[in-house]
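Mind docking chain B on chain A? Use the hints.
These protein sequences, in sequence, are chains A and B. As numbered in our numbering, the first sequence has no gaps in its residue numbers, which increase by one up to the final residue, 171. As numbered in our numbering, the second sequence has no gaps in its residue numbers, which increase by one up to the final residue, 329.
Hints in this document: simulated from the structure, not taken from any laboratory.
When the alpha-carbon atoms are kept at most 25 Å apart in a straight line, the in silico SDA-like pairs for lysine to any residue are as follows:
id: 1; chain 1: A; residue 1: Lys68; chain 2: B; residue 2: His283
id: 2; chain 1: A; residue 1: Lys68; chain 2: B; residue 2: Lys324
id: 3; chain 1: A; residue 1: Lys51; chain 2: A; residue 2: Gln103
id: 4; chain 1: A; residue 1: Lys68; chain 2: B; residue 2: Gly316
id: 5; chain 1: B; residue 1: Lys324; chain 2: A; residue 2: Asp132
id: 6; chain 1: A; residue 1: Lys68; chain 2: B; residue 2: Arg298
In this text the structure is predicted, and so the values were computed from the model without any measurement.
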Amino acid sequence: MADPQLKAKVEELIAANPVLLFMKGTPEMPRCGFSMRVVQVLDQMDVEYGAIDVLPALQPLREVTAEISDWQTFPQLYVNGELVGGADIVEEMFASGELAEALGVEQPAEAPPAQAAPTQAPPLQIE
Amino acid sequence: MIETALPGAEVGVADETGAGDHLRATVRAAQFEGLSRIDQHRLVKAAVKERFEDGTIHALSVKTEVTG
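Looking at chain A on its own, in the form it has when it is part of the complex (with noise of 0.2 Å):
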């Protein structure tokens, strides 16, 4: 079982903390690939997130997520006090715009477009 003590700061946390970001490591030094996108992915939206380094307390915050969310590996975004999902779903949902959609705010400009072109290659020709 969770430690309700620190069960209870993360829901804290996760209360006054409209985007957080469960992560390893921090986002000037993400310790996981994993963890390293969906800091890449905020990176790009024009929002303000919190981020916790899980790291130095890894197994009890996974007992804390799996009770609060059902959820065990890191990273987790957080939108408005609900887990919006790990790096996986975050780039699917940022390439869809669904993501600046749950943020509030507008997609950037440079962000790749959900269906990329399939690049045409010119037809053989025999002579």
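Quick look at chain B alone, frame taken from chain A:
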């Protein structure tokens, strides 16, 4: 396992590293209709939970799509 948990789902699994423990699963299922992405992923992860617990899988990337 995913197909058992989500009957009718189309599941594709790719081995990311060649070692068989870092997998990428693409799951298309009608059961995802109306669910948020996180809930869709929860269904997939719940289906393979045992394999994580016994150490067969270390990492699983999931991509979900709703089928009509």
